[in-house]
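K.L.:
Read off the chains here:
Protein chains: 2
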Amino acid sequence: MKTTEQPTSMDKRTAFLQYMSLRRKEVEAFLWSLLPQPDGMAAKLNEAMRYPLEAGGKRIRPILVLMGLDFCRDVGWREALAGKSWDGVEADLQEAAMRAACAIEVVHTYSLIHDDLPCMDDDDLRRGRPTSHKVYGEALAVLSADALHTLGFQMISSSAERCALPCFHAIRELAVACGYPGMVAGQVVDLEYENKPGTEEVLEYIHLHKTAKLIRAGLLMGAQMAEANERDYALLEEAGYKLGLIFQVVDDILDVVGDTQVMGKQAGSDEASHKLTYPALIGLEKSRERAAVLRNEILSVLRPEGDRAEFLIQMTEWLLERNA
Amino acid sequence: MKTTEQPTSMDKRTAFLQYMSLRRKEVEAFLWSLLPQPDGMAAKLNEAMRYPLEAGGKRIRPILVLMGLDFCRDVGWREALAGKSWDGVEADLQEAAMRAACAIEVVHTYSLIHDDLPCMDDDDLRRGRPTSHKVYGEALAVLSADALHTLGFQMISSSAERCALPCFHAIRELAVACGYPGMVAGQVVDLEYENKPGTEEVLEYIHLHKTAKLIRAGLLMGAQMAEANERDYALLEEAGYKLGLIFQVVDDILDVVGDTQVMGKQAGSDEASHKLTYPALIGLEKSRERAAVLRNEILSVLRPEGDRAEFLIQMTEWLLERNA
Numbered sequence: 153m154k155t156t157e158q159p160t161s162m163d164k165r166t167a168f169l170q171y172m173s174l175r176r177k178e179v180e181a182f183l184w185s186l187l188p189q190p191d192g193m194a195a196k197l198n199e200a201m202r203y204p205l206e207a208g209g210k211r212i213r214p215i216l217v218l219m220g221l222d223f224c225r226d227v228g229w230r231e232a233l234a235g236k237s238w239d240g241v242e243a244d245l246q247e248a249a250m251r252a253a254c255a256i257e258v259v260h261t262y263s264l265i266h267d268d269l270p271c272m273d274d275d276d277l278r279r280g281r282p283t284s285h286k287v288y289g290e291a292l293a294v295l296s297a298d299a300l301h302t303l304g305f306q307m308i309s310s311s312a313e314r315c316a317l318p319c320f321h322a323i324r325e326l327a328v329a330c331g332y333p334g335m336v337a338g339q340v341v342d343l344e345y346e347n348k349p350g351t352e353e354v355l356e357y358i359h360l361h362k363t364a365k366l367i368r369a370g371l372l373m374g375a376q377m378a379e380a381n382e383r384d385y386a387l388l389e390e391a392g393y394k395l396g397l398i399f400q401v402v403d404d405i406l407d408v409v410g411d412t413q414v415m416g417k418q419a420g421s422d423e424a425s426h427k428l429t430y431p432a433l434i435g436l437e438k439s440r441e442r443a444a445v446l447r448n449e450i451l452s453v454l455r456p457e458g459d460r461a462e463f464l465i466q467m468t469e470w471l472l473e474r475n476a
Numbered sequence: 153m154k155t156t157e158q159p160t161s162m163d164k165r166t167a168f169l170q171y172m173s174l175r176r177k178e179v180e181a182f183l184w185s186l187l188p189q190p191d192g193m194a195a196k197l198n199e200a201m202r203y204p205l206e207a208g209g210k211r212i213r214p215i216l217v218l219m220g221l222d223f224c225r226d227v228g229w230r231e232a233l234a235g236k237s238w239d240g241v242e243a244d245l246q247e248a249a250m251r252a253a254c255a256i257e258v259v260h261t262y263s264l265i266h267d268d269l270p271c272m273d274d275d276d277l278r279r280g281r282p283t284s285h286k287v288y289g290e291a292l293a294v295l296s297a298d299a300l301h302t303l304g305f306q307m308i309s310s311s312a313e314r315c316a317l318p319c320f321h322a323i324r325e326l327a328v329a330c331g332y333p334g335m336v337a338g339q340v341v342d343l344e345y346e347n348k349p350g351t352e353e354v355l356e357y358i359h360l361h362k363t364a365k366l367i368r369a370g371l372l373m374g375a376q377m378a379e380a381n382e383r384d385y386a387l388l389e390e391a392g393y394k395l396g397l398i399f400q401v402v403d404d405i406l407d408v409v410g411d412t413q414v415m416g417k418q419a420g421s422d423e424a425s426h427k428l429t430y431p432a433l434i435g436l437e438k439s440r441e442r443a444a445v446l447r448n449e450i451l452s453v454l455r456p457e458g459d460r461a462e463f464l465i466q467m468t469e470w471l472l473e474r475n476a
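Protein chains in written order, with our numbering: chain A, 153 to 476; chain B, 153 to 476.
Treat the hints with caution; some may be incorrect.
Since the list gives no way to pick one copy over another, a pair counts as held whenever it fits inside one copy or between any two copies.
[Stated by the list, open to error] The list that follows gives simulated cross-link-like pairs (lysine-lysine, BS3-like), each with its CA atoms no further than 30 Å apart:
{"hint": "1", "residue 1": "Lys286", "residue 2": "Lys348"}
{"hint": "2", "residue 1": "Lys286", "residue 2": "Lys210"}
{"hint": "3", "residue 1": "Lys210", "residue 2": "Lys438"}
{"hint": "4", "residue 1": "Lys177", "residue 2": "Lys210"}
{"hint": "5", "residue 1": "Lys177", "residue 2": "Lys196"}
{"hint": "6", "residue 1": "Lys236", "residue 2": "Lys177"}
{"hint": "7", "residue 1": "Lys196", "residue 2": "Lys348"}
{"hint": "8", "residue 1": "Lys210", "residue 2": "Lys196"}
{"hint": "9", "residue 1": "Lys236", "residue 2": "Lys210"}
{"hint": "10", "residue 1": "Lys286", "residue 2": "Lys177"}
{"hint": "11", "residue 1": "Lys164", "residue 2": "Lys210"}
{"hint": "12", "residue 1": "Lys348", "residue 2": "Lys438"}
{"hint": "13", "residue 1": "Lys164", "residue 2": "Lys177"}
{"hint": "14", "residue 1": "Lys196", "residue 2": "Lys286"}
Honestly, the hints are just simulated from the structure, not real lab data.
Isolated chain A (complex conformation):
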C-alpha cells in the first residue's frame, strides 16, 4: 500500500505543474495591476507596453524570484503548493517580492522587443503573434520597450520604504544581469558572430551573458528579498547559472527540431540567420548531452537540500523537457 509520505516523481511533477499554474496567475494578476492603463495623451504607448505581455509566456523568471524566496525561507514544496509561502512574511515584503517578480518579467519583455527589431534579429513572430514593430511600427516598439525597461526599476523602487534594503539589493541584481555585464553584452556578441565562425568559448559567453545571467538573477532577486545567508545565496548562484545555460541550450535545440506552431516563434530562424548555436557547433546529439550534464550538476547541488529544493529540481527537468 502506497503511503502519502513518499510521493512518486509523478506526484511531484503534478504538484509542480499545479504550483506553476497558480504562481503564473498570481504574477499576471499583479502585473496587470502595475501596468499603466491605455488612457491619456500617451495611450498608444501604454497599449504598446501591454501588448507583448498580454501574449502570455511561461513567466519563468518571475516564478524563479518567488522560488528563490521560498528556498531561502526553507519553505518545502508541499507548503509552497498549499499557498503557505507567504506565511510569516509581512504584507509590505510580500508586495515588494511580487514587484521584484514583475520587474524581471517586464525587463525580459523589453529585451525581446529590441531583439526582434529589423536592425537586430528581424523577427515577425513572437509568442504566436506579430512582433511589436510589426504592429506599432519601429519607433513605438523601441519606445515601449524602453518604457518597460525603466518600469522594472520603477516597480521595485516603489515598494514600501521599510523594504528599501532588500529592494536596493534586488535592483542591483537585476541591473547587473541585464546591463553591460550581462544580457546586452550577450546580444552584442551574438550579433557579431552571425556569419562568422565561432568557438565553444564564444558560444558559452553568449549563452551565459544573453540568457543565463537573467535567469539566475530571478533566483538571486528572490534570495535578496529573503535576506538570504551566504551559503544559500552561493547555492542559488550556481544552480541559477546552470539552469540558465540549460534553458538556452534547449532553446537552440528547439530552434532546430521544434514546431513553429507550438513555440509561437519561427523555427529554423537561428540557421537562417547563421547564428552561433550549440547544434550548429557540435551537433544535436552532443547538445543534448551538454544539457544532460548540466542537469546532473544542478541535481547534485539541489538534492541534498531536501524538500525546499524540490520545485527547483522539477523546474530543471521541466525546462529540459519543454517543447516550447
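On the provided structure of chain A, position chain B as indicated by the hints.
P.N.:
Then chain B, alone, in the frame of chain A:
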C-alpha cells in the same frame, strides 16, 4: 568703497561659472571611473557606450543633483564654490551622491541615442559629432543605449549598503522621470504630433514629459540623497519643473535662431521635421516671453531662500541666456 560682503551680480555669475566648471570636471572624472573599459569580448559595446559621453555636454542634470543636495543641506554658494559642499557628509554618501549624478547623465545619454535613430528623429549630428548609429550602426546604437539605460540603475544600486534608503528613493525619482510617466511618454507624443496640428496643451505635455521631468529629477535625486524635509522637496519640485520648461522653450528657440556650429547639432531640424514647438505655435517673441515668465516665477520661489539658492538662480539665468 566696495565691500566683499555684497558681491555684484557679475561676481556671482563668475562664481557660478567657476563652480559649474569644477563640478563638471568632478562628475566627468567619476563618470569615467564607472564606465566599463573597452576590453573583453564585448569591447565594441563598451566603446559605443563611451562614445556619446566623450563628446562632452553641459552635464546640467548631474550638476543639478549636486545642487539639490547642497540646497537641502543649506550650503551657501560661497561654501559650495570653496568645495565645502561635502563637509560633514560621510564618504559613503558622497560616493552615492556622485553615483546618482552620473546615473542621470547616462540615462539622459541613452535617450539621446534612441531619439537620434532613423526610426525616430533621424539625426546625423549630436554634440558636433556623428550620432551613434552613424558610427556603430543601428543595432549597436540601440544596444549601447540600452546598456547605458541599465547602467544608470546599476550605478546607484552599487552604492554602499548604508546608503540604501536614499538610493532607493533616488532610483524611484529617476525611473518615474524617465519612464512611461515621464520622458518616454513625451517622446511618443512628440513623434505623434509631427505633421499634425497641436495645441498649447499638447505642447506643454510634450515639454513637461520629454524634458522637464528629467531636469527636475536631478534636483529631486539630490533632495533624496540629502534626506530633505518636505518643504525643501516641494520647493525643488516647483523650481525643477519650471527650470525644465525653460530649458525646452530655449531649446526650441535655439533650433530656429541658433548656430549649427555652436550647438553641435543641426539647427532648423524641428521645422524640417514639422515638430510641434513654441516658436512654431506662438512665434519667437511670445516664446521668449513665456521663458521670461517662467524665470520670474522661479526667482520668486528661490530668492527668499538666500545664499543656498544663489547658484540655482544663476543656473536659471544661464539656461535662459545660453546659445548652445
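K.L.:
For every hint, state whether the structure bears it out.
P.N.:
Going down the list of hints, with the structure as the test:
1. Lys286 - Lys348: both (28 Å within a copy, 23 Å between copies)
2. Lys286 - Lys210: within (23 Å within a copy, 38 Å between copies)
3. Lys210 - Lys438: For Lys210 and Lys438, the Cα distance is within 30 Å only inside one copy (26 Å; across copies 55 Å).
4. Lys177 - Lys210: within (11 Å within a copy, 48 Å between copies)
5. Lys177 - Lys196: This pair counts as within: shortest intra-copy Cα distance 26 Å, inter-copy 41 Å.
6. Lys236 - Lys177: Classified as within; 16 Å inside a copy, 54 Å across copies.
7. Lys196 - Lys348: between (39 Å within a copy, 16 Å between copies)
8. Lys210 - Lys196: within (26 Å within a copy, 33 Å between copies)
9. Lys236 - Lys210: within (22 Å within a copy, 54 Å between copies)
10. Lys286 - Lys177: within (28 Å within a copy, 44 Å between copies)
11. Lys164 - Lys210: For Lys164 and Lys210, the Cα distance is within 30 Å only inside one copy (19 Å; across copies 60 Å).
12. Lys348 - Lys438: within (21 Å within a copy, 58 Å between copies)
13. Lys164 - Lys177: within (20 Å within a copy, 60 Å between copies)
14. Lys196 - Lys286: both (15 Å within a copy, 29 Å between copies)
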